[in-house]
Amino acid sequence: MSKRDIINELLSRTTKVEHVPINDVFCSPSSTWSSKKVSYHGPKTQCPHCNYVCRDDIYQSHLNSHTAKITDYLYLGSEANARNRKELTSRANIRFVLNAAAECDNYSPDLFVNGETYLKLPLYDDADAEMR
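Take the sequence shown: its letter number 118 is residue 137 in our numbering, and every next letter is one higher.
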């Protein structure tokens, strides 16, 4: 008996394998796989920025997903923040955007007066990058 045959024999005795068509698992809204909900019973905290009630174990990560206030008029954000129209307008009340990332597209320039308050500087995260 080959090594593979031995492994298959052991697995067949100890493991129950159920063959399910992939479309039934991932596409059916009534499938047991997609309809199971896992409850979290640990501590939760409400985010002061968006009022989302978040599990404590991921709270810091959630906070990091928001724009970071540097001063009363200056915020630092990521590409995800730039795509989030609600974050830009109602939560942070952003009025001017400086997109200084070459790899980041301009998101929502229509929110800013005829694009005049939306500036793109295609810089790379490099000490030798020149600002022109």
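To be clear, the hints were calculated from the coordinates, so they are not data collected in a lab. A quick note: this is a predicted structure, and the numbers were derived from the prediction, not measured. One should not assume that every hint holds.
[As the list claims (entries may be wrong)] As a list, the in silico DSS-like pairs of lysine-lysine whose alpha-carbon atoms are at most 25 Å apart:
| id | residue 1 | residue 2 |
| --- | --- | --- |
| 1 | K22 | K63 |
| 2 | K63 | K105 |
| 3 | K88 | K105 |
| 4 | K139 | K88 |
| 5 | K88 | K63 |
Going down the list of hints, with the structure as the test:
1. K22 x K63: Not satisfied, since the Cα-Cα distance of roughly 50 Å exceeds 25 Å.
2. K63 x K105: 23 Å, holds
3. K88 x K105: 16 Å, holds
4. K139 x K88: Holds, at about 20 Å.
5. K88 x K63: Holds, because 24 Å separates the two Cα atoms, which is no more than 25 Å.
Figure legend: structure checked against the earlier numbered hints; the only hint not met is number 1.
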